[in-house]
Amino acid sequence: MHRSETYTGTGECPASKPADSIGLDSPPGGLSEDQGFRISHLQVLDEFGQVDEQWEPDLSSEDLTRLYRAMVLARAVDDRMLKLQRQGRIGTFPLSVGQEAAACGPALAMTAKDWFVGSFRELGGRLMRGEPIENLLLYYNGYEEGNGFPGGDRMLPISVIIGAQTLHAVGIAHAMKLRGENDSAVVCFLGDGATSQGDFHEAMNFASVWQAPVVFICMNNQWAISVPREKQTHSRTLAQKAIAYDMPGVQVDGNDALATYSATKEALDRARAGGGPTFIEAVTYRMMMHTTADDPSRYQPAEQLEVWKKRDPLPRFRDYLTAKGIWSDEREAELEAETKQRIEDAVKAFESRTDFRPDAPFDHVFGTTHLGVEEQRAEFLGNLRKESSDA
Amino acid sequence: MHRSETYTGTGECPASKPADSIGLDSPPGGLSEDQGFRISHLQVLDEFGQVDEQWEPDLSSEDLTRLYRAMVLARAVDDRMLKLQRQGRIGTFPLSVGQEAAACGPALAMTAKDWFVGSFRELGGRLMRGEPIENLLLYYNGYEEGNGFPGGDRMLPISVIIGAQTLHAVGIAHAMKLRGENDSAVVCFLGDGATSQGDFHEAMNFASVWQAPVVFICMNNQWAISVPREKQTHSRTLAQKAIAYDMPGVQVDGNDALATYSATKEALDRARAGGGPTFIEAVTYRMMMHTTADDPSRYQPAEQLEVWKKRDPLPRFRDYLTAKGIWSDEREAELEAETKQRIEDAVKAFESRTDFRPDAPFDHVFGTTHLGVEEQRAEFLGNLRKESSDA
Amino acid sequence: MRRMNMVQAINLALDEEMGRDDRVIALGQDIGVNGGVFRVTDGLHTKYGEDRVIDTPLAESGILGTSIGMAIAGLRPVAEMQFSGFSYLMLGQLEGHAARFRGRTHGKFTVPLVVRMPYGGGVRALEHHSESHEATYAHIPGVKVVIPSTPSNARGLLIAAIRDPDPVVFMEPKCSYRAFREEVPEKEQGFEIGKAQVVKGGDDLTVITWGAMMRPTLRAIEEIQQHRKVSIELIDLLTISPMDGDTIAASVAKTGRCVVVQEAPKSFGPASEIIATINDKVLMHLEAPVRRVTGYDTTMPYFGRENDFMPNADRIRRAIEDTVDF
Amino acid sequence: MRRMNMVQAINLALDEEMGRDDRVIALGQDIGVNGGVFRVTDGLHTKYGEDRVIDTPLAESGILGTSIGMAIAGLRPVAEMQFSGFSYLMLGQLEGHAARFRGRTHGKFTVPLVVRMPYGGGVRALEHHSESHEATYAHIPGVKVVIPSTPSNARGLLIAAIRDPDPVVFMEPKCSYRAFREEVPEKEQGFEIGKAQVVKGGDDLTVITWGAMMRPTLRAIEEIQQHRKVSIELIDLLTISPMDGDTIAASVAKTGRCVVVQEAPKSFGPASEIIATINDKVLMHLEAPVRRVTGYDTTMPYFGRENDFMPNADRIRRAIEDTVDF
Ligand SMILES: Cc1ncc(C[n+]2csc(CCOP(=O)(O)OP(=O)(O)O)c2C)c(N)n1
Ligand SMILES: Cc1ncc(C[n+]2csc(CCOP(=O)(O)OP(=O)(O)O)c2C)c(N)n1
Ligand SMILES: [Mg+2]
Ligand SMILES: [Mg+2]
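The listed protein sequences derive, respectively, from chains S, B, P and Y.
Taking numbering that gives the first Met the number 0, I'd label the letters of the first sequence as residues 0 to 390.
Taking numbering that gives the first Met the number 0, I'd label the letters of the second sequence as residues 0 to 390.
Taking numbering that gives the first Met the number 0, I'd label the letters of the third sequence as residues 0 to 325.
Taking numbering that gives the first Met the number 0, I'd label the letters of the fourth sequence as residues 0 to 325.
Do not take every clue at face value.
As the list claims (entries may be wrong) - Cβ-to-Cβ under 7 Å is the rule here; a few derived chain Y residues that face chain B:
1. Arg19
2. Tyr295
3. Ala312
4. Val323
5. Asp324
Unchecked claim - List time: in silico DMTMM-like cross-link candidates among lysine to aspartate or glutamate, alpha-carbon distance up to 20 Å:
6. B/Lys309 x B/Asp62
7. B/Lys347 x B/Glu46
8. P/Lys280 x Y/Asp307
9. Y/Lys107 x S/Asp311
10. B/Lys230 x Y/Asp279
11. Y/Lys107 x S/Glu378
12. Y/Lys228 x Y/Glu286
13. P/Lys280 x Y/Glu222
14. P/Lys280 x Y/Asp50
15. P/Lys228 x P/Glu181
16. Y/Lys280 x Y/Asp324
17. S/Lys385 x P/Glu286
18. Y/Lys253 x Y/Glu181
19. P/Lys253 x P/Glu286
20. B/Lys385 x Y/Asp279
21. S/Lys385 x P/Glu15
22. S/Lys385 x P/Glu181
23. P/Lys199 x P/Glu181
24. B/Lys230 x B/Glu302
25. P/Lys280 x Y/Glu286
26. B/Lys385 x Y/Glu286
27. Y/Lys280 x P/Asp324
Unchecked claim - Computed list of chain B residues with no C-beta within reach of chain P, every gap over 12 Å:
28. Gln84
29. Pro156
30. Lys176
31. Gln303
32. Ser327
33. Lys339
34. Lys347
Please keep in mind that the hints were generated in silico from the structure rather than gathered at the bench.
For glycine and all other residues, C-beta sits at the position ideal for the given N, C-alpha and C.
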C-alpha cells in the first residue's frame, strides 16, 4: 500500500488570480475577500507508531533501518557528550534529543549531490552526511580542526548566528540553478527562533523570487532558549509564513520520521524539477536544555515535557519497524553495543589528538600570503616561546 | 447611504484553530489542509470617480475638501520642486505624483495624537501634518534646518534607509501602549521595495507579538527605482505578507482617497482599542521618475504609465466632489491661485534664508558637552576662517 | 557597603534605575523569565513585570530599532544584545538612526537608550561569543561607548549611561562577570561618561587599558614591581568614545612611555586611536614607541586556542619592561 | 590606450572578467536593466543576460548572504551595495560569515566575492549617501579593503579583487567617478592587493591618502610647490587592509614627517592605524607629529555643508606646511 507516488498534496500553491506582470492590476471594486491561501499538514506515523498507509512512503528496509540507526546514534552521541561536558572534557554544546526525526528524515531524502546547510541542532542529519563523531568532539572542545572532514563537500559547518545560514542556502541553491546542476538542491535547517530574524525573511524572499531549489526545514521545537514559540511570533503556525512568499508551506509532525522524510522528498523533487522552494515546519520538541549552559527549570512547564515524552520520535519509529518485521529486540541489542563502541572509539581518537598547531588560525586568514599576517604569526610564536620559557 | 459604521470587513483575522499556548499541538494525522487564511480588498471610488455607496465613508464637506486641497497642494509642490531642481536651486528629491491619495487619505484618518512615521514619498501626508513647504525646500537643498518645525512633535523626519522606519514605528506604538496612551496609534508608511528588507519583517513580527497599535501602509507604487514589483517579491499581493504574522492584511486601491482613508481609519480605531496592528497595501503608481536623478525611460514600459494616468487619484476625487456638489470650477481656480501663491511665498522664504551657522552639526552630536567635540568645533571654525582669508 | 561581583552590580544598577524612573525598561532575548543567559537581569522580571522587562523575539535589529522608537516616544530602553558577537546585526539601526535622530531633528527627537552587551573572550564559549567590537562602535559619531572593568564602576557607569541623553553602547567584559567581588558603595559614586580613571599614579610609564584587560594588566604590573623598581601609571579608559584625550596626554607627557593593552584584533582598534591621540598631543614627550599588546588580526579562534591569542599578563609585562628599557 | 573615467574603467574591468570567466556574476539593486544608479554596470545586462547580471530585491544582507552561498558553491559574485551608507545592513554577514568560512572550514569552503560600493561625499546627495566606512571593514580579520583613486587603478584593482580568493570590500570614491579621465592601458597592469603605491617620490615629507582624497591632496601639493621648494612623497594606500606598513615605514623613515588625509570622521579611522604603524616601525625617525587631516566626528552633514566638512586642498596644504615648518 505504498502510495508515495501519489503524494503531491503539499506542492500546489494556489493562485486565486495571476500575478500581474506590468502592474496594471488594481483591487476589485467594493470590499471583497481573497481566501486562496492555504498550508498543508502531514503526519504519517502517529505517536503510537501506527502508520497511515495512504501516505506511507515507499522506502526499502535498508533505508528504514538506516534512518532508525541514525536516530539511535544521534541520541547516544548526545547522551555521551552531555556526560563529557559535565566531566569538563568538552565545552558547551546543544543537544538535539527529541528532534532526531526532524533531522534524519530530511537527510534520508537527500542525495550526495544535495547540499546540507544546518544550524546547530541537526546532529543526526550531520552524522548521516558522514560527519565523524570525532569532529564534533573536537569542535565542541574548541578546536577548528573539528570543522573539516574529507568528503563533506556539500555540507556547511555549524552556523551559530541565528538565521544567517538561510541566506547561504539560497545562494548555493541559486548557484546550482545557474550552473545547470539540475540534480542538486539544498536542504536548509533553521529553528523556530530563527524565523524572527531579518535574514530569514530575506532568504525566503530571495528564494521565491529566484525560484531557487531550496527546502527550508524549520525545526519548531517550541523554544528559543527560554522564549516559547508563541512569544516568538504571533502566527498560529510557522508554516503559514510561506504564504508571504507564495511558497508551498507544509506543517509536518516533526517527530514522525516518515513525515519529515516524505515532505522533504517531495519538496526536493519539486525543487530539482524547477518548481522552486518549499518551507516545511517540523513540529517537534527540545526535550533537554538549550545547551549544557542552560537551566530549563527556570522557564519550562514540567507538564509540557511530559506530554512530549509520549511523542518521542524513537520508540514510535521502532514500533513501526517492529510491526513491519524489520526490527527486533536482538537487533536493538546489537545496535546498542555497536553504537556504544563507535562512540567510545571516537572519544578515544578525540582525546588522543595532540596535533593542534597553535598558530593554525593564521593559516586561513587569507588565501594569499600577506606580510602583516606572517609578521604577526612570528610574533605570536615568539610570545608562546617566551611564555613557556618564563614558566 | 453612509455605511462606514458597518465597514469592519477587513479586521477579522480568522483562526481555523486556536494558537497553542503550551506547545502541545501537533499536526493532525494524514494529509490535510488549512485554508483559513485570507486578505481583503477595498475600493470605494473607481477610476471614473463613481462611488460605491455601500462603503462610502461618512466624511464632512470640510474633511473632503481638506483631503482634496492637500492632494492638489502636494502635486503642485512636486511640480514646483521639479522645476527648482532642474534649475539647480535644490538638490535631488523624490516626487510623489500619483501617490497623493495613498498619503493623504491616511493622514486624514489620523488625529493629532497619532504618530506619523514616514519614508520619503508621502509629501501630501507631511503637508497635512503641518510640515511647512519651506522646510522641505531646505531639506532638499541640503540643510538640516529643514528637519524640525514647531509643532511636529508626532511626526518623524524623512527616513532614507529603506525599511528602517518600520521598527521605529513599532517602538513608538509599543511605548504608547506601555504608557497607557490609548488614544494614540502610529501610522507607518513604507514602499513595496521596503517589504524586502529584514527590518520590515522584524517590525511586522514585533508589532504582532506585542499587538502594538500601528498601521503599516505599504505604498505599492509598482517600482523600487528600476526594479518592478514582481521582481521584488514573488507573492501575488503584498497584503498577504500580513498572513505570516496573523495580522489583518488589506489591499486597497491606493489611488482612491476614500479607500485609503477608510482602511486606515478602521485600522487605527482597532489599534487604539487594543486590537493590534494592521498591514495595508495601497496599490498605486509612481507616475514620475524615482528621484530627479533617475531616468525611468531606461526601464519603464510606456504603456504602463498610460494605463495608470487614467487612474490618477486627483481627477477622480474632484469628479466625486463635484458630483456631491462640494466642488466647482470656480473653487478649483481659486485653489490653484492660492496654492501657487503659497508655494511662491515658501520659495521666497527659503531662498532668503541665510541663517545657516556653519558649525551647526556640532551642536547635536551629543546632548552633553564633550571637550573633544568642542575642540573640533573650534578647529573647524578656525579652518573656515583661514580658508576665507586665504581666498 | 556590599561585596558583589559584576553581574550583581549591573543587576543592582538596573534595579535602582528602574525603581527610580518608570520610563526605564529593559528588553532583549531571554532577559525576562530566564533572567538573561548570564543572569544579569535576574529577578527584575518578577519585580517590574513583563511590560518593563521584555522578552523579545530573536532579532537584534528589531530590538534596537524598536528601542529607538520607544526612546523617541519618551521611554528609556535598556536593550541587551545577548552577545556582542551578534550585535553587528543591529549596526544599521545604531549608526543610521540611534546616532542620528538628535542631529536629524535639531534636538527635537533624541534617543536616550543603552545597549548592553557582554563582550570578549575567556569563557570557553562557542564561535561568535568572544568578540571585542568596541572600535566599530567608537567610530560612529553620536554614539558613546563605555566599558566598565569592576563591579563598582560597572554599576556607576551603567547608571550614568541610563541617565545619559544619548545612545550608549555599554560593553560588559563577560570574563570579569563573576571573576571577583568588591565593595560596592551604598550610594552610587557618580561616574561620568567621557572620563578615564587614573587607577594608580606613576612616573616612568603609562599603561592604558579597559574592560577585561584590566585584570591581566594589574597582574603584570604587580609582577614587575616584585622584581624591579619602576613607577607605573595605570589608566582605565572606561569610556572608549568620546575618548578622554586629556587624561591620556597629561599622563604620557609626564611618563614619556606608554603601553596600550587591547583585547580586540590589533589593526584599526582603539589602541591605534590612543596612539594617534598621543601623537597629536604629546608626541615630542615620547621616549620610546608606544607598545600595543593586542589580539592578533585573525578571527577570534575557538576556545581551545583563545588563551594563547588573548593578551595575558606575561605579554603585558614584557611589553612594559621592553618599553621601560627602550 | 583609451581615455576613460572611473565609471567606464570599472565597467571595463567587470566586462573583462565576466568575459574571461563565466563564474563571475554581478548582483545588486538596479544593476541590471538600469545599469546601476551610477551606470557602472551599464550594458552588462544586455551582454551577459539576467542570469549573470542580477537585479536583486532591496535587501543588503540578502545580497551579501546569498553571494556568500554562491561563492561557496563555486561562483565569483561581484555584489553591489548601492551606497556604502546602506552597507552596515550586511555587516553581520560580512564579519560573521564571508570573513570566516575559510578559517571555519580549514580552507575547504572559501568566499571569493567582491562587494563594490560607492562611498564618500561631494556629490550633493541625500542623507546616508556620503559616508566613508572603510575603517569598520578594515577592522575585520579575513576581509580585504581596497579603495582605488583613478580609472586605471580602479580597473586593475577590481580585476585583482575579482580574482582574489578572499572577500574584498571594494570602495569606489563616487565623487571621482566622472571627475576626470585618463589613459587606461589595453592590458591590465597587474595591480596587487596589499600594496600601496608611491605616486611621487620625495625627501622632506610623506603624504598618505587614498580614494577621493587623492585629488585635493594632489592639488595641495601642486599649490605648495608653486611657492616653495619642498620635496613631497605621496603614497596612495590603495589597499586599506591588509595595510602595506613597509611602504609607509620606508617612506617616513626617509622623510621624518608625515601628513595623513582621510575623508572619514577623525577618531578610530584609518589615519589612526597609519600613525600607529609609524609608531611601531619608525617612531624615532619622526621629526614632527604626524598630522591628520580628516573629517570631523559628526555625522556627515547634509550636502549644504558637506564641502566645509570634508578635507579640502587648503586644509591639506596648511597641514603639510605646518608639518614641514614644525
Ligand atoms: C543572531 C543571534 N542572536 C542570538 C543568539 C543566541 N542564541 C543561540 S541559540 C538561540 C535560540 C535559538 O532558537 P531557535 O532558532 O528556535 O533554535 P533552537 O535553539 O531551538 O534549536 C539564541 C537566542 C545567536 N546565536 N545568534
Ligand atoms: C537600505 C537601502 N538600500 C538602498 C537604498 C537606495 N534606494 C532609495 S529608494 C530605493 C527604492 C525604494 O523602493 P520602494 O520601497 O518601493 O519605495 P519607492 O521609492 O517606490 O517610494 C532604493 C533602492 C536605500 N535608500 N536604503
Ligand atoms: Mg527552537
Ligand atoms: Mg516602490
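Against the structure, the hints come out as follows:
no., hint, verdict
1, Arg19, "27 Å, violated"
2, Tyr295, "5 Å, holds"
3, Ala312, "10 Å, violated"
4, Val323, "17 Å, violated"
5, Asp324, "15 Å, violated"
6, B/Lys309 x B/Asp62, "25 Å, violated"
7, B/Lys347 x B/Glu46, "37 Å, violated"
8, P/Lys280 x Y/Asp307, "24 Å, violated"
9, Y/Lys107 x S/Asp311, "36 Å, violated"
10, B/Lys230 x Y/Asp279, "52 Å, violated"
11, Y/Lys107 x S/Glu378, "27 Å, violated"
12, Y/Lys228 x Y/Glu286, "18 Å, holds"
13, P/Lys280 x Y/Glu222, "28 Å, violated"
14, P/Lys280 x Y/Asp50, "55 Å, violated"
15, P/Lys228 x P/Glu181, "28 Å, violated"
16, Y/Lys280 x Y/Asp324, "23 Å, violated"
17, S/Lys385 x P/Glu286, "25 Å, violated"
18, Y/Lys253 x Y/Glu181, "31 Å, violated"
19, P/Lys253 x P/Glu286, "11 Å, holds"
20, B/Lys385 x Y/Asp279, "34 Å, violated"
21, S/Lys385 x P/Glu15, "47 Å, violated"
22, S/Lys385 x P/Glu181, "33 Å, violated"
23, P/Lys199 x P/Glu181, "17 Å, holds"
24, B/Lys230 x B/Glu302, "19 Å, holds"
25, P/Lys280 x Y/Glu286, "14 Å, holds"
26, B/Lys385 x Y/Glu286, "25 Å, violated"
27, Y/Lys280 x P/Asp324, "17 Å, holds"
28, Gln84, "22 Å, holds"
29, Pro156, "5 Å, violated"
30, Lys176, "9 Å, violated"
31, Gln303, "33 Å, holds"
32, Ser327, "41 Å, holds"
33, Lys339, "30 Å, holds"
34, Lys347, "23 Å, holds"
Hint compliance for this structure: hints 1, 3, 4, 5, 6, 7, 8, 9, 10, 11, 13, 14, 15, 16, 17, 18, 20, 21, 22, 26, 29, 30 are broken, all remaining hints hold.
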